[in-house]
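**Q** Line order of the protein sequences matches chains A and B. Each residue of the first sequence is one higher than the one before, starting from 1 at the first, in this note's numbering. Each residue of the second sequence is one higher than the one before, starting from 1001 at the first, in this note's numbering.
Possibly wrong hints are sitting among the right ones.
As the list claims (entries may be wrong) - Label pairs and their computed distance ranges (CB to CB):
id, chain 1, residue 1, chain 2, residue 2, range
1, B, Glu1259, A, Ile306, 58 to 64 Å
2, A, Gly165, B, Asp1358, 49 to 55 Å
3, B, Thr1122, A, Val330, 22 to 28 Å
4, B, Glu1159, A, Gly165, 26 to 32 Å
5, B, Gly1069, A, Gly10, 54 to 60 Å
6, A, Gly181, B, Glu1259, 36 to 42 Å
7, A, Arg200, B, His1164, 16 to 22 Å
Since the hints were derived computationally from the structure, they do not count as laboratory data. Remember, it's a predicted structure, so these values are computed and weren't measured experimentally. Glycine is no exception: its CB is placed at the ideal position from the N, C-alpha and C atoms.
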Amino acid sequence: MLKLVTKNIGIENSHTLAVAKANGVYSRVEKALAMAPEAIVEDVIKSNLRGLGGAGFPAGRKWSFLPKDSPKPRYLVVNGDEGEPGTVKDKYIMIHDPHLLIEGIIITCFAIRSHKAFIYIRGEYDLPIERVEGAIAEAKAAGILGERVMGRDFALDIVVHRGAGAYICGEETSLLESLEGKRGWPRLKPPFPAVEGYQRCPTVVNNIETLSYVPFVIEMGGQAFADLGSERNGGLRIYSVSGRVNKPGVYELPMGTPLRQIIYDHAGGIAGGRQLKAVIPGGSSAPILTAAEIDVPMDFDSLAKIGSMLGSAGIVVFDETVSIPAALLVLARFYAHESCGQCTPCREGTAWMTKIIQRILDGDGRMGDADNLIRIARNVLGNTICPLGDAAALPVISWVTKFRPEFEEWIKRGRPVSQAPIPVTHIGERTAVAV
Amino acid sequence: MPKVTIDDLTIDVPAGTTVIQAAEKLGIYIPRYCYHPGLSIAGSCRMCLVEIEKAPKLQIACYTFVTEGMIVRTTTEKVIVARQAILEFLLANHPLDCPVCDQAGECKLQEFYMQFGQYDSTLLENKLKKHKAMPIGPHIMLDSERCILCSRCVRFVDEVSKTHELGIFNRGDHSELLPVKGVTVDNPYSGCLADVCPVGALTDRDFRFKVRVWYLDKTESVCHGCSRGCNIEIHANRRRSHHNDGKLVARLKPRFNGEVNGHWMCDAGRYSYKRFESEDRLLQPLVRLTGKGQEKADWTLALSQVDEQVTHQIGRTGVAAAAVIATPDLSNEELYAVRRLFMQGMKIEKIAHRCPADPNGVEDNLLRKSDTFANTYGAGLIIGAPHTADPTVETILEAAGAGKLKTLFIVGDGLLSRYSADVLREKLKNVETLITIQTHGSVLTELATVALPMTTFAETDGTICNSEGRVQHFDQAIPPVGQSRPLLEMLVDLANRWELKAAPRLPESCFAELAGNVEYFSGLTYSKIGDAGVNPSRRSAATATA
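Using the sequences provided together with the hints, build the complete structure.
**A** Structural data, given as structure tokens:
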């Protein structure tokens, strides 16, 4: 099985410069720095490398939006604020192969003519921050970063910025606000960061995983990388699998790998021989799929076609013992807690939906509650400044619609359908969803 | 000039115009909370969502810029549902305490709910508890349960007053507007916070529980606190004055004028209304009869005393020993009437309007001017320009102190903030006939031979010129307080006694005569001055360059 970004994971001390270099990291810098920056952008466009933070916007096209004639400095901001429940991929890259990330940053900065990059890392990520900072120090000492990158006429500095614990700061414009030392409130768009980003200068914001694939695009060429994946979804990506599976973990597989194959062939199937009930395919914001819907290729376009999304590819698997209303409360509470409070629908809607779900679970539900939840979620959907409102609304709409009888049964009986106690377990990695 | 169609009406607007502004030009009002034309765009309340052809989602009208051929709809089903949804969200944690809220009657939550809401509540959940009735500064009370987090106030203290006292703290529905820890909101413009707040979260402590807003009558006026001439409204409670200890004027509010004060006014001006009906108003004429002390008198006695005493004194000591101080607190009409009677009628040479600077005057980059007289510019044109001597108040008082003046009229307010009572007593002790025409009782009225009570600008019509020369009109808001009378009327009565010509009794006719006699005002009438005022100095500058 071909591995790219996770190739070196498992090798002892893979995070150190010596081991990384021995395993091919930084070998693509020379080739890239010999190319014209525009040629790199072209190649990345050809590669169909998508934004793997969740939105799936083609990376090369994002780079091409930088204004050509702006006299202002340009910045690369690396989004390492991995907060989407069910997603642990960037963490692995930062812990195990931080030099690969730096290599991707060097090539990207060269391509977009930037001399300063910021890596914004989730505040709770102690070890990833330590590893990335260590790698930057090593790279600086070795002349890989600094006034002359690897002896070439190209200067690059990388600064690590530690987040302070807000999911919203993973949204690119609030990340920029936070990076500028302000409150993490999303900005109104336009202008987009490519035109006015960090300090109102042209800025590219890319996810850790996206940038870590850039060296491989250079190595194999855009077309070859594109051919690894599915149509318009180039290359591989990392799927984080958690929940009720036998082998939870991170799996690097081609774009478009069917969900069934990931769950049963790679993650070892459902734990305890129980039945599959539902799957969140792309982080908690992605609309839920029922057991009947898992024969879908895991790429951005295929999931969009069936009304869900690939997002961050955080796959959370629910077996038959999971109570959907109880699990939805976990998510609703998360979004209500993380809503920044700036715009009305998200601020009030997320909290209101949480209160209704809580009341249903407390045995005080009303028959209209399911409809009201969907109505409130639809009133949030599309009416907010940033995608957090949609991220909170989509699960509510899909979960209540697809598992409506379970909600209504709980409302009628005032207690869960199943007499079995709701298991509260942590399977495998400390996954975000504990039901 | 992009052409935009909103609800089937089409208009050309300059590039950079937002949909909400274009709609306003067409007379279409799009409801809004966070949008305020005097502040930056927040785009956070989402009340102004509208449907734009070819856009997949509803767009906020406050931050969508008009493009050529754009077609906007503000009354579709989708828009109506979205507005209802926003109102429902805003009320989800709102206490609905309208019966005890001062904002009731001018609250955008109430207004928009009546217009765009009015559905049955689906809310069964408990509401959040936040800070109530929290005095955050000398003038402002915060009730953060009523707050809809539109951030207008935060933007005001960041962008306009630049004092940064407020912030929004915490996240999600626990977000709360609060002053920064340890900070009091007492900037010179803090009263504006109650104006920008569209709901009852920030209310004016001075106005709290005074009167229900629907009992207020609104009169367009101009602040007399300094030479800026901020456009204001006087809100008077003529029908329910017993709610407010019998006082009529309940508050002043800024009135938009882009050329003068924008949307704002300073706190000093805002709370200056208290002097209209303060305890020390001179409510009745005072006369000093020979051999007796000062006594209250009716107008007939007071005017006959002025007649007799002045005629006697000037007959004895001559017009050269007579002088008039007319302060620039007076309106153009009042100054003209002074000029007509004293200068042209009585031939008094020494008429002074120029006073020393007010030691308490403050100047800043926003509105406040250090010249605390409202009409210095007008006084210079009407009193200063025509005569050659042009004495100052200082020289008049010097002459009086040296015993060279025997008859002195002091007309208008403002000397008390520039001279101490002791200095005035000393300077005026040799004046034998002192006639004061003042709004308030003071050392001047105590010393007066006859003290005539005059109306304030709230009680009469008139015009003033601000420091840039802009002629602005103010309307009478309340009847004269006590037995005070407009200066124009008094001077007509005096002129009749002396068989002299006076300026017309009515301000508008007086202004017409002024316009015919003072070049600066030529061609102007009250209707030409309008609500926003005009600046003839620009007109002359324009002709000069042409």
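**Q** Now tell me if each hint is right for this structure.
**A** Taking the hints in turn, this is what the structure says about them:
For Glu1259 of chain B paired with Ile306 of chain A, a C-beta distance near 60 Å keeps the hint of 58 to 64 Å intact. At roughly 54 Å, the beta carbons of Gly165 of chain A and Asp1358 of chain B sit within the given window of 49 to 55 Å. Here the CB-CB span from Thr1122 of chain B to Val330 of chain A is close to 24 Å, well matched to the stated 22 to 28 Å. The hinted range of 26 to 32 Å is satisfied by Glu1159 of chain B and Gly165 of chain A, whose Cβ atoms lie roughly 29 Å apart.
A C-beta distance of roughly 59 Å is found between Gly1069 of chain B and Gly10 of chain A, which places it inside the suggested range of 54 to 60 Å. For Gly181 of chain A paired with Glu1259 of chain B, a C-beta distance near 38 Å keeps the hint of 36 to 42 Å intact. The hinted range of 16 to 22 Å is satisfied by Arg200 of chain A and His1164 of chain B, whose Cβ atoms lie roughly 20 Å apart.
When each numbered hint is compared with the structure, no violation occurs for any of them.
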